[in-house]
Amino acid sequence: DGGITQSPKYLFRKEGQNVTLSCEQNLNHDAMYWYRQDPGQGLRLIYYSQIVNDFQKGDIAEGYSVSREKKESFPLTVTSAQKNPTAFYLCASRTGNTIYFGEGSWLTVV
Amino acid sequence: GQNIDQPTEMTATEGAIVQINCTYQTSGFNGLFWYQQHAGEAPTFLSYNVLDGLEEKGRFSSFLSRSKGYSYLLLKELQMKDSASYLCAVRDGSWYALNFGKGTSLLVTP
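As given, the protein sequences belong to chains P and L, one line each in that order. If you read the first sequence in the working numbering, its first letter stands for residue 1, the second for the next number, and so on. If you read the second sequence in the working numbering, its first letter stands for residue 1001, the second for the next number, and so on.
Derived by calculation from the structure, the hints in this document are not laboratory data.
Pairs of lysine-lysine, DSSO-like flavour, derived with a Cα cap of 30 Å:
no., chain 1, residue 1, chain 2, residue 2
1, P, Lys57, P, Lys9
2, P, Lys57, L, Lys1102
3, P, Lys9, P, Lys83
4, P, Lys57, P, Lys83
5, P, Lys70, P, Lys9
6, L, Lys1102, L, Lys1081
7, P, Lys83, L, Lys1102
8, L, Lys1102, L, Lys1068
9, L, Lys1102, P, Lys9
10, P, Lys57, P, Lys71
11, L, Lys1081, P, Lys9
12, L, Lys1102, P, Lys14
13, P, Lys57, P, Lys14
14, P, Lys83, P, Lys14
15, L, Lys1076, L, Lys1057
Using the sequences and the accompanying hints, generate a full structural model.
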């Protein structure tokens, strides 16, 4: 089935550690996005990529990094510089006027 | 920047009709989206409006007035499974920025 796969679903990070969230899509979409969602808040854009080997910062990029070496993959690294990383992370891709989301990853700092 | 406002919570009865409003102030406008999000899950696309008027899709309809910076999502014949958060999102002049409101949590009661 075509879709967007995020892994892991749940992840615990110790303070000071970097963690990487995986996002893979087999929809052949060029554009991909990472959003963060906090309880009671809307989605906020972290990074986006319009094509392979190109990506741009969103509204809250500090403490995060991404790569886009393949069309299918857009991993997000949450670095130790991100002071409040506990949140629900959503990867998305776009075709035409519609953005489709993956199932999300829950990151908790312990 | 963009400012998108929606009510935080709404309650309605099974079988009834509910209207969820969204107002926005944007520097540019290239479409308004509605998404449904069940707790802990990914948002799913409901509707897209770029021209003024009503778009109907089954039990769901979405309305847009660009001059008023206003949209609403109308849900008819409410079912218990419609209990979810409904996100309003506005696209400005580029696909860089799909800005989301904080969402409206709808509770459908028997």
